[in-house]
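Peer 1: I would like the entire structure built from these sequences, with the hints used as guidance.
Residue numbers (the numbering used here), protein chains in the order written: chain A, 1 to 371; chain B, 1 to 371; chain C, 1 to 345; chain D, 1 to 345.
Simulated from the structure, these hints should not be mistaken for laboratory data.
Accuracy of the hints is not assured; some may be wrong.
Simulated pairs of lysine-lysine, DSS-like, Cα-Cα distance not exceeding 30 Å [unchecked claim]: (1) D:Lys301 x C:Lys274; (2) C:Lys223 x D:Lys223; (3) C:Lys274 x D:Lys307; (4) C:Lys274 x D:Lys243; (5) C:Lys307 x D:Lys243; (6) A:Lys210 x B:Lys154; (7) A:Lys49 x A:Lys276; (8) D:Lys201 x C:Lys301; (9) C:Lys223 x D:Lys307; (10) B:Lys298 x B:Lys32; (11) B:Lys310 x B:Lys49; (12) C:Lys243 x D:Lys223; (13) C:Lys301 x D:Lys307; (14) C:Lys307 x D:Lys223.
Over the 10 Å line for every Cβ pair with chain D, so calculated as not near, a few chain B residues [unchecked claim]: (15) Val113; (16) Ala131; (17) Leu239; (18) Ala315; (19) Asp316; (20) Ala345.
Glycine included, C-beta positions come from ideal geometry on N, C-alpha and C.
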Amino acid sequence: MTVSASSQTQSTQALIGFDPQGEMPSNEVLLKMYTLMLTLRFWDERSLKLQRSGRISFCVTTKGEEATQVGTVAALRATDWVFPAYRQPGIPLWRGANLESLAHQIFGSAKDVSLGHQMPNHYSFHHLYYASVSSVIGTQIVHASGAALAAQAKGTDDVAVTYFGDGSTSANDFHSALTVAGAKKAPALFFCVNNHYAISLHVSQQTGAKYLADKGVGYGVKALRVDGNDVLAVYQTTLAMAERARRGEGPALLELVTYRLNPHSSSDDDARYRLKGEMDGWIDKDPIPRFEAFLLEKGVLSLPQVDALKIQVEADVLEATKIAQETPLPDWQTLIEGVYAEIPATLQADLDDLLAHEQGLSLPHPGAFPL
Amino acid sequence: MTVSASSQTQSTQALIGFDPQGEMPSNEVLLKMYTLMLTLRFWDERSLKLQRSGRISFCVTTKGEEATQVGTVAALRATDWVFPAYRQPGIPLWRGANLESLAHQIFGSAKDVSLGHQMPNHYSFHHLYYASVSSVIGTQIVHASGAALAAQAKGTDDVAVTYFGDGSTSANDFHSALTVAGAKKAPALFFCVNNHYAISLHVSQQTGAKYLADKGVGYGVKALRVDGNDVLAVYQTTLAMAERARRGEGPALLELVTYRLNPHSSSDDDARYRLKGEMDGWIDKDPIPRFEAFLLEKGVLSLPQVDALKIQVEADVLEATKIAQETPLPDWQTLIEGVYAEIPATLQADLDDLLAHEQGLSLPHPGAFPL
Amino acid sequence: MNATMTPSSQMTSSLIERNPETPITMVQAINEALFQALESNPNVIVFGEDVGISGGVFRATEGLQAQFGEARVIDMPLTEAGIIGSAYGMAVAGMTPVAEIQFADYIFPAFDQIVSEVAKLRYRSGGDCACPMVIRTPYGGGIRGGTYHSQSPEAYFTQTPGIKVVIPSTPADAKGLLLSALQSPDPVLFMEPKRLYRSPKGLVPVDPTPIPLGPARLVQAGKDLSVFCYGAMVDICQAAATKLQESDGVSIEIIDLRTLSPIDEASILASVRKTGRALMVYEAPKTGGYGSEISAIIAEKAVEYLKAPIKRVAGLDTPYPYSLESVYMPHPVRVMRAMQEVLGF
Amino acid sequence: MNATMTPSSQMTSSLIERNPETPITMVQAINEALFQALESNPNVIVFGEDVGISGGVFRATEGLQAQFGEARVIDMPLTEAGIIGSAYGMAVAGMTPVAEIQFADYIFPAFDQIVSEVAKLRYRSGGDCACPMVIRTPYGGGIRGGTYHSQSPEAYFTQTPGIKVVIPSTPADAKGLLLSALQSPDPVLFMEPKRLYRSPKGLVPVDPTPIPLGPARLVQAGKDLSVFCYGAMVDICQAAATKLQESDGVSIEIIDLRTLSPIDEASILASVRKTGRALMVYEAPKTGGYGSEISAIIAEKAVEYLKAPIKRVAGLDTPYPYSLESVYMPHPVRVMRAMQEVLGF
Ligand SMILES: Cc1ncc(C[n+]2csc(CCOP(=O)(O)OP(=O)(O)O)c2C)c(N)n1
Ligand SMILES: Cc1ncc(C[n+]2csc(CCOP(=O)(O)OP(=O)(O)O)c2C)c(N)n1
Ligand SMILES: [Mg+2]
Ligand SMILES: [Mg+2]
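Peer 2: In structure tokens form, the structure reads like this:
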């Protein structure tokens with residue numbers, strides 16, 4: 001028996017770029033987008049330096065992936081819930097978080113909102129509708145489906161969004177999330193940041209699918225492939241899909257095609273696995289120079305302004321990390337805060353016992369590990 | 001921005017029926033197929049009677065879904081590993097299991113291969129390449145991917161197959177399984193028995209996808225929709241996809257479209273949820289009369305032969321269950337057999353303690369429960 | 001509201017019309033609590049597999065979808081991870097989700113969401129985020145359910161900081177504790193002993209009357225032996241104690257722990273310091289069960305009061321069996337013998 | 001075979017050329033065991049996330065794919081459930097799978113596969129089917145990994161009948177126990193204390209020499225107190241004991257449990273009956289931890305020998321913290337104080 005090709009669903013994904021006829025942010029917003037992209041780049045550089053000099057224990061960067069953060073968040077409302085992975089510091093910064101609060105988190109200082117409970121880059125900004133980051137791959141995806149169901153139940157037209165990598169599409173909860181959102185037509189946007197690697201595994205080995213966006217059809221979820229290094233293409237597609245979701249027309253999966261320009265994290269050695277020559281092409285597509293050229297051409301910015309901005313942003317980043325570095329570690333009592341809303345009596349007793357006898361103890365850390 | 005429909009992957013699934021030009025089983029095999037379908041029907045009837053009269057505690061039937069079992073297994077090799085759900089008793093019967101061994105299982109008797117460790121319908125026939133049934137929805141799907149990887153590593157051209165329902169496509173392990181098999185081009189066949197319900201949930205509510213077979217494209221897994229009430233269509237498609245997999249061309253997902261003619265299980269009341277009128281159309285498509293008419297028309301069988309066969313099969317089923325019913329329960333020592341290959345000393349001591357004091361105890365069971 | 005009620009629905013009629021002096025089942029009590037929560041708090045959402053159109057496989061959500069609509073009583077696709085993950089997202093977004101896992105045996109596909117996410121959110125964010133929710137699930141044996149419809153997985157969760165674990169043993173406790181769980185600022189795993197769903201019946205206040213999470217319940221006071229139990233084991237311990245008190249003239253204290261996590265350590269220690277003897281009864285496999293933790297607490301903090309070994313009556317260290325489950329499950333006679341052993345040490 | 005070896009591979013060269021008198025790290029010992037297993041048994045398959053081309057994030061599988069090819073050393077997609085579920089299918093089909101879970105914190109997406117399927121297959125089929133496999137995973141704290149790179153989830157598995165749990169504490173044990181795990185007819189969860197991966201080094205036999213699963217290891221004999229520990233806590237207990245023996249002249253017995261499940265109850269009881277005092281040290285949250293079970297066993301079967309409370313030194317009942325992890329993790333001084341308390345009771 002021969003089965004004709006037309007009797008099965010086929011992949012037909014095109015890469016969506018910037019549409020000059022499409023919706024454009026105001027000049028003010030364009031400038032804010034550009035400034036944030038610069039900030040992220042300097043934040044990465046600084047974090048890596050801090051890590052290499054042993055002042056923080058670990059970092060993940062987002063170099064190369066700035067447009068996927070900035071293009072999406074600029075197209076969202078401030079009350080659209082965000083369930084991020086560990087590579088989206090741009091979201092809270094866009095929404096008004098200051099660099100200092102991020103710095104306190106990566107140092108796990110006494111001023112860290114999370115009380116030093118998590119490793120670097122695992123931020124939480126509840127008042128900015130940016131839910132606490134987990135290290136567990138994929139779990140956050142379905143949280144967005146839940147928040148979208150909540151919007152449906154409340155009858156608001158908010159959307160809920162989530163970010164995750166190419167590797168994360170293989171995780172259980174990618175499936176849970178799209179199953180729920182697809183079945184319920186929940187107003188959720190799923191941003192798949194395809195940076196081509198899950199640690200050492202190339203996306204071509206991650207799945208048999210031709211494109212990650214092909215994964216939408218199996219859930220009845222609209223899915224698009226977008227040039228993730230073109231911040232305006234990302235902006236326009238996000239806006240269109242968010243409006244569609246707000247109208248009750250259902251969720252969307254946006255594959256944002258980009259590339260990780262740094263190693264996976266400060267513990268990773270990417271020379272072991274990176275495809276030869278692949279990087280070069282992507283350096284040419286770096287989203288920051290691309291956007292910069294566009295803004296210069298459109299006259300939104302001038303070269304001297306660009307230079308001044310870079311100096312300013314770098315100084316801001318430095319200042320923030322300096323403050324955090326000088327802040328002491330949290331108090332021991334914080335060790336037991338936040339397990340429950342109220343501290344259980346037995347837990348307080350156990351800590352008190354420690355406090356009474358072991359103040360000042362500390363074990364040496366055997367050094368950097370691959371996280 | 002408007003995004004054209006053609007930029008996203010679309011569902012285009014056609015229902016595959018019997019191909020008169022296609023591969024056909026021999027008359028002998030056709031007869032075996034028909035006999036097995038009858039056997040399954042009588043087995044269902046008998047099990048339900050035993051359950052209703054309190055002689056067994058529970059049963060699930062496969063009424064209406066006989067073709068999905070018989071059409072697939074007839075097209076496979078006896079050494080192709082099968083990872084079944086709870087609705088495929090036809091597979092071991094095809095491969096030579098006798099009715100008595102099934103009967104001992106549903107009674108949990110002393111002669112049950114599984115030592116009375118599982119509820120009815122959870123068979124295990126390792127020597128027939130039919131792996132033990134779990135009640136947990138979906139877990140078996142990924143086992144087939146693993147067995148297919150094993151075949152790859154060993155360099156055989158066996159395929160591994162698995163059966164699961166429409167509801168099971170939402171379970172985590174559907175995703176795990178197709179992700180692994182798709183990425184590795186593993187020789188696995190995924191039989192999705194779409195009987196339209198997951199207990200009370202209609203398949204149209206289970207997913208936003210247009211067809212369950214649409215789920216293949218997101219994994220790069222060839223996927224087809226087949227008339228699951230046409231045993232020969234099932235046979236032909238299975239054969240084609242198995243040969244393709246044996247050639248190293250990768251896995252396939254076969255959506256076998258059928259209908260559950262009985263309640264979900266002996267605990268279920270399907271009047272609460274069944275769509276009005278839906279059943280009638282499906283009774284007309286009952287796979288047994290359909291196949292019977294075909295065989296009569298082709299002269300493979302005569303009417304008197306059909307009648308004789310039915311009497312014989314019914315008698316066989318009755319005889320097997322009678323034997324099991326008269327067999328005592330397993331010995332208490334079986335309670336601790338099979339946790340590990342060797343019985344841990346502490347476990348034996350705990351049982352000995354029970355044996356020494358409590359022989360003959362039993363708690364009353366409060367009756368039937370929805371399982 | 002009365003006007004829109006479907007007359008065929010058992011629950012709604014029982015809520016409105018039922019005689020408070022007539023005992024009801026545990027499953028009715030749970031249904032009533034859910035009904036009252038949905039009615040009084042617009043943020044409550046009830047969802048799970050088969051909870052809507054069919055009213056739940058055990059009928060615990062019967063009539064709720066008809067009353068409160070499909071946006072608040074939701075039939076979910078077959079994904080436990082999707083159910084619990086959605087509950088998390090709903091809770092972060094300000095709702096009060098009540099998720100049903102159809103059998104506790106099927107909570108494992110959602111284990112990562114519960115243990116890694118739900119239980120850790122408040123701590124990992126230093127209190128910035130939280131996800132209060134109730135996860136309801138029927139657990140336990142005695143219904144001929146075999147390996148996968150009988151398990152008692154409470155100890156997987158009581159060892160997980162950040163989630164509360166609550167188990168009722170009577171219809172009244174089921175309603176009162178569930179109402180409190182719905183007001184808890186923290187996630188609560190509410191495990192319902194399915195063997196008690198339909199019998200025995202008990203008196204239950206009609207008005208919503210929360211019973212606080214935390215304190216154990218003194219089932220009966222005694223001075224020679226403390227028995228710690230919960231769920232379906234409470235009745236079994238009572239039956240054993242009654243028999244033994246009659247035959248041997250001993251005095252047995254029975255404590256129904258109710259909130260397993262965080263634990264009511266004070267009640268446990270007070271009781272053992274009084275009686276000097278302890279017995280734990282639970283259905284799960286003995287090793288690593290919840291009773292082991294109670295034993296460890298006593299051995300750590302009250303060992304000097306002990307007059308006898310601390311004993312555990314529990315399931316065997318095997319998966320749950322089918323044909324011989326009545327041998328496997330703690331039986332009153334087995335409990336009685338263990339009581340005698342401890343008392344006669 | 002030598003001819004095809006990539007000279008850059010640490011492992012292969014260490015296997016072939018290394019001086020047996022030169023101490024190696026635990027991660028090298030594990031790599032060597034895997035190498036030898038792949039070499040001697042054609043059914044062994046090693047797979048997981050990043051185990052192939054990159055050699056594993058901790059380098060435990062370094063050089064294996066280059067040596068044995070992509071069909072036997074497989075880089076898997078990012079799905080722990082897919083990894084363990086595949087291992088099950090491979091095992092049923094007659095292979096000997098060795099699956100790596102990159103961090104024990106990420107075992108939970110595979111929890112259902114492990115607890116519902118892997119651990120229950122033999123029992124639920126009455127011995128008809130089985131799925132022997134090894135699941136390797138780095139666990140534990142002390143590396144500044146915070147909430148999700150530091151957990152010690154052993155007690156979730158030691159309470160699960162049907163799977164063995166093994167934890168080495170030295171390079172030699174790591175190799176010897178892993179070789180035995182690979183020959184076990186039952187599934188083995190092999191948890192590797194990642195804090196010990198790179199130090200201290202130890203002597204390890206070059207030839208494959210299995211160390212039997214089951215028996216605990218007597219680290220040092222003593223008569224006043226029995227300390228039960230495993231993994232990274234063994235060194236810490238030794239440090240504490242050494243100090244205390246010097247300062248207080250006491251005699252402390254330390255037992256490294258090694259095979260946590262099924263438990264070596266006989267060794268535990270024999271030791272406590274001798275010393276009359278017991279201390280458990282583990283990294284996981286105290287409540288419901290593995291030490292609680294040991295405590296319960298002693299309280300049940302050797303209470304009459306006890307001269308003091310049974311104490312536990314463990315993590316706090318919280319998720320794993322980041323900034324203050326050195327306070328959270330059991331520290332030699334904390335262990336020492338607990339020893340003093342028990343000894344001075
Ligand atoms: C459940 C789980 N498994 C494994 C890991 C270890 N791990 C951390 S990041 C990562 C790769 C993630 O790849 P991708 O989703 O593409 O995100 P990216 O890092 O590229 O942004 C892995 C395997 C984890 N954190 N969680
Ligand atoms: C993980 C899990 N969740 C829930 C259940 C309860 N349950 C048993 S059968 C079933 C529906 C299965 O539907 P489908 O996959 O379509 O198979 P069918 O019964 O129709 O053959 C459910 C929800 C289960 N057994 N396992
Ligand atoms: Mg990636
Ligand atoms: Mg179905």
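Peer 1: Run every hint past the structure and note whether it holds.
Peer 2: Hint-by-hint comparison with the structure:
no., hint, verdict
1, D:Lys301 x C:Lys274, "holds, 22 Å"
2, C:Lys223 x D:Lys223, "violated, 36 Å"
3, C:Lys274 x D:Lys307, "holds, 20 Å"
4, C:Lys274 x D:Lys243, "violated, 39 Å"
5, C:Lys307 x D:Lys243, "violated, 35 Å"
6, A:Lys210 x B:Lys154, "holds, 28 Å"
7, A:Lys49 x A:Lys276, "holds, 26 Å"
8, D:Lys201 x C:Lys301, "violated, 39 Å"
9, C:Lys223 x D:Lys307, "holds, 25 Å"
10, B:Lys298 x B:Lys32, "holds, 15 Å"
11, B:Lys310 x B:Lys49, "holds, 18 Å"
12, C:Lys243 x D:Lys223, "violated, 44 Å"
13, C:Lys301 x D:Lys307, "holds, 13 Å"
14, C:Lys307 x D:Lys223, "holds, 25 Å"
15, Val113, "violated, 5 Å"
16, Ala131, "violated, 5 Å"
17, Leu239, "holds, 22 Å"
18, Ala315, "holds, 28 Å"
19, Asp316, "holds, 23 Å"
20, Ala345, "violated, 7 Å"
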